[in-house]
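J.: Read off the chains here:
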Amino acid sequence: MPEYQTHEHDVLVIGAGGAGLRAAIEASASGVSVGLVCKSLLGKAHTVMAEGGIAAALANVDDRDNWKVHFADTMRGGQYVNNWRMAELHAKEAPDRVRELEAWGATFDRTKDGKILQRNFGGHRYPRLAHVGDRTGLELIRTLQDHGIHQGIDVHMECTIIKLLTDGGRVVGAFGYERERGRFKLFKAKAIVLATGGIGRAYEITSNSWEYTGDGHTLAYDALAELVDMEFVQFHPTGMIWPPSVRGILVTEAVRGEGGILTNNQGRRFMFDEIPENYRTQTADNEEEGWRYTQGDKAARRPPELLTRDHVSRCIVREIKAGRGSPHGGVFLDISWIKARIPNAPEHIKKKLPSMYHQFKQLADIDITREPMEVGPTTHYVMGGVRVDSDTQMSSVPGLFAAGECAAGINGANRLGGNSLSDIIVFGKRAGEHAAKFAKAQKPGSIDARQLDEAAQWAVQPFERGADGEGPYQVQYALQKMMQDLVGIVRSEQEMQRALEGLGPLRERAQRVGVGGHREYNPGWHAALDLHSLLTVSEAITRSAIERRESRGGHFRDDYPDKDATCATFNIVVRKNAAGRMEISRVPIPELPSELKQVIEEMK
Amino acid sequence: MTGRTATFRIWRGDARGGSYHDYPTEVTEGMVVLDAVHQIQAVQANDLAVRWNCKAGKCGSCSAEVNGNPRLMCMTRLNQLDLSTPITIEPMRAFPPIRDLVTDVSWNFDAKKRIKRFKPRPPDAPDGTWRMSQPDVERVQEFRKCIECFLCQDVCHVLRDHQMFNEFIGPRHLVYAAALEMHPLDTENRTRDLKDTHGVGYCNITKCCTKVCPESITITDNAIIPLKERVIDQLYDPIAKVFRALRGGRHV
Chain L
1 MPEYQTHEHD VLVIGAGGAG LRAAIEASAS GVSVGLVCKS LLGKAHTVMA
51 EGGIAAALAN VDDRDNWKVH FADTMRGGQY VNNWRMAELH AKEAPDRVRE
101 LEAWGATFDR TKDGKILQRN FGGHRYPRLA HVGDRTGLEL IRTLQDHGIH
151 QGIDVHMECT IIKLLTDGGR VVGAFGYERE RGRFKLFKAK AIVLATGGIG
201 RAYEITSNSW EYTGDGHTLA YDALAELVDM EFVQFHPTGM IWPPSVRGIL
251 VTEAVRGEGG ILTNNQGRRF MFDEIPENYR TQTADNEEEG WRYTQGDKAA
301 RRPPELLTRD HVSRCIVREI KAGRGSPHGG VFLDISWIKA RIPNAPEHIK
351 KKLPSMYHQF KQLADIDITR EPMEVGPTTH YVMGGVRVDS DTQMSSVPGL
401 FAAGECAAGI NGANRLGGNS LSDIIVFGKR AGEHAAKFAK AQKPGSIDAR
451 QLDEAAQWAV QPFERGADGE GPYQVQYALQ KMMQDLVGIV RSEQEMQRAL
501 EGLGPLRERA QRVGVGGHRE YNPGWHAALD LHSLLTVSEA ITRSAIERRE
551 SRGGHFRDDY PDKDATCATF NIVVRKNAAG RMEISRVPIP ELPSELKQVI
601 EEMK
Chain Y
1 MTGRTATFRI WRGDARGGSY HDYPTEVTEG MVVLDAVHQI QAVQANDLAV
51 RWNCKAGKCG SCSAEVNGNP RLMCMTRLNQ LDLSTPITIE PMRAFPPIRD
101 LVTDVSWNFD AKKRIKRFKP RPPDAPDGTW RMSQPDVERV QEFRKCIECF
151 LCQDVCHVLR DHQMFNEFIG PRHLVYAAAL EMHPLDTENR TRDLKDTHGV
201 GYCNITKCCT KVCPESITIT DNAIIPLKER VIDQLYDPIA KVFRALRGGR
251 HV
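Same order as they appear, the protein sequences are chains L and Y. Each step along the first sequence adds one to the number in this note's numbering, with nothing skipped, and position 135 is 135. Each step along the second sequence adds one to the number in this note's numbering, with nothing skipped, and position 31 is 31.
Just chain L, same shape as in the assembly:
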């Protein structure tokens, strides 16, 4: 038997970004004992990187906004393969969740009459994003953290879960290691909420940190839960591209929301060149109207820079491929031009986009109030994830819940900016509530020593092979490069088949990975263990993407460049079959109830 420390909670939440914290707060408020595991220190999760805001139809800035418009925007953005019930709940509940943050101490920017201010964002018909300058994510996570620490939640920092433990199909615990001493930990729990975020580290160019290796996706998959929509990966149109060391770091969409424009090396605003049919009536057809929209003119339509992220990314790739890119292989994003329109533009920019100003000034020697930025697409978000029940967030495995980025459904084929921060608080709360309810109705399960042994033995193998084995980082880099090149923004059957073939040898290399030293805070070891998750999600993305023979939202195929109406009727589900192999299937999307259908029609 391996040595390990045991902790026991009614509800265990894995992941301490916005979704995990919100779930933990909700569960503990209902009176159950809660453990919260974070891969990093508390408050460092990727939520801090969210910049632009939280989408919620508060109607503080434009009184035409309401949940129906938000719902219709989310469905349109997701190209109608969303879980419509989740989109409905999200649009209805987001305003209450935002107001709740204020009651817990969040200080959003204000309107003139003292209400929460809202800003424009891509794909949202009205100004809808509650925000704090361009550091909204930090405000959200800090508010939840500072509220949560007084709730009696047991926080296990710098701890990584490597396996979920099941008993007769129900999830009853989790096994992992803490970084500081490298000791194993067993968490017994009656219900588990996965809130582990995304998969960005499967790609070479990403806005995600080292943590985003698809752990929750993989834990769920290995526990025989279903994943869905894995072909839909969001490439954010504006990541930094120069200097090389900052490549991929996010440049918030709020730059465009505040009037920033995209241009090519001929100075042309290329976003006007192609406006998708389903957005034509909502989009400005001249620069003047677009500018008026960003300045709050309710009669104006939004500029094409604020079309959905999938579309903007593809337009940027088109410009670069056609030789109209910027010197370092991107395009120009310019906010400095607004000095032609408003007085004190530099001050205005610094006030509205303070962290962007800093980021470019410090990392790229660029003053964004004076010159344009160079930007290009960066892997940002995965729409796909654990398939959950829309109302309870429970997966296909009893007792296993998921919320936030690692769950799927609300976003369909493409997520709108700002819908992630609202997603995590709406469904984080729901997951916490229902996990607690589930836990209360359960007796503790029994822990299978064999499952523990297997996990522990697997985890120490890299040490047995020692420093002479394959380097963990080298395997990671090879995988990232392959996924970037073959399953990236523009995909084809041929390339994806090559990726699938490439995954086999990479898996073999991962099994030969060795690390030196000892178990205390050893990043090489951690990277070695993360490879299993990265390889699993990469395979899920690739297989799902091959199966969807059309282009929709974040999934674009060269060989099937058009949307296919017959493909709007199903989602692609990934599961592990009895032989331990990955299996793909299509599951039909339930028909929209007539009242929601009507909402979509009204908002067209």
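Nothing false has been slipped in among the hints.
Here are the in silico distance ranges between beta carbons for each label pair:
1. K604/L with L83/Y: 57 to 63 Å
2. R139/Y with W337/L: 27 to 33 Å
3. R324/L with N67/Y: 42 to 48 Å
4. A29/L with R139/Y: 29 to 35 Å
5. Q474/L with A125/Y: 55 to 61 Å
6. A125/Y with T392/L: 29 to 35 Å
7. R581/L with Y20/Y: 45 to 51 Å
8. S585/L with P122/Y: 51 to 57 Å
9. Q497/L with N67/Y: 49 to 55 Å
10. R64/L with G201/Y: 53 to 59 Å
11. L235/Y with D154/L: 33 to 39 Å
These are computed hints drawn from the structure, not numbers from a lab. Note that beta-carbon positions come from the ideal geometry of N, C-alpha and C, so glycine has one too.
Assemble chain Y onto chain L, guided by the hints.
T.: For chain Y alone, kept in the frame of chain L given last:
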């Protein structure tokens, strides 16, 4: 500076002790210190321990001392440093070492818990919402920019040199207390705690914390001094004391 080699002298060790190791590595345009550390970790020392997350100055994980200066490694460009001599990188020295560049900062999380939580006034509107003016929230927003990198704690002599972790919560948590105290909605009174258990009096305004703050929060002038003033106004003002005695002696 493409293609040139620079040497990074990194402290490696743990609570039992450690020493500096030299790692030469190639540096290219735009690199930051954290990039060099990652490069060394990937090729020369897989087990080199370092904390990092966002790599964009937003999460406050990669705090260390670069050539003796408390810095975020992800925001320290190599072209700001003299590369002709080795660049020294060591962990934050105010906190107990765990391994290499990673320190035990858990005290900060405990200290924060001891500060009384946010307690808002009843909502202003029937729908349960509040009204606040932009200038009022801005005062607090400055403090809420804090990314909890703990560089201010690292450089504060009360903590670093005198190790008064039991008596003093440090600049980070005074900023946190200030954010609560000056929050337009907050009704809690933390003055007595600030004096007695949070030790605001130990700060003697050397402003070292303000200098190292990567978020440029004016820690001393905008947060700590106003808190000191509150303590003096409420607990030391003789005239107010007489007033309080006459009005029934409410203690704060």
